[in-house]
Amino acid sequence: MQQALQLHQAGRRQEAETIYRQVLARQPRHAAAAHFLGLLLHQTGRSEEGLELIERSVSMQPTNPD
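Take -18 as the starting number for the sequence shown in my numbering and just add one per residue.
For the record, the hints were derived by calculation from the structure and aren't laboratory data.
Keep in mind it's a predicted model, so treat the numbers as computed, not measured.
One should not assume that every hint holds.
What follows is a set of in silico ranges between Cβ atoms, one per label pair, in the way DEER data are often shown [said to hold, decoys possible]:
id	residue 1	residue 2	range
1	43	-5	29 to 35 Å
2	-9	40	28 to 34 Å
3	43	-9	29 to 35 Å
4	43	-6	27 to 33 Å
5	-8	43	15 to 21 Å
6	3	33	17 to 23 Å
7	-7	40	18 to 24 Å
The beta-carbon is built from N, C-alpha and C at its ideal position, and this holds for glycine as well.
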């Protein structure tokens, strides 16, 4: 995940996308990977798919009343 985040921040979106998808293939409930992949997809014009992933990541998070 750390490598994907670094690539994403460096603008190397295709490489970051590949890693995010690999993480999700191994761990389908990895909320951070779903969130950042959703953000990346939105940034690359695939907003509908991105929004679905962001919503999915939110549903994976435990409720925080604070």
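Hint check:
| no. | hint | verdict |
| --- | --- | --- |
| 1 | 43 - -5: 29 to 35 Å | 32 Å, holds |
| 2 | -9 - 40: 28 to 34 Å | 29 Å, holds |
| 3 | 43 - -9: 29 to 35 Å | 31 Å, holds |
| 4 | 43 - -6: 27 to 33 Å | 29 Å, holds |
| 5 | -8 - 43: 15 to 21 Å | 32 Å, violated |
| 6 | 3 - 33: 17 to 23 Å | 19 Å, holds |
| 7 | -7 - 40: 18 to 24 Å | 28 Å, violated |
Against the hints set out earlier in the document, violations occur for numbers 5, 7.
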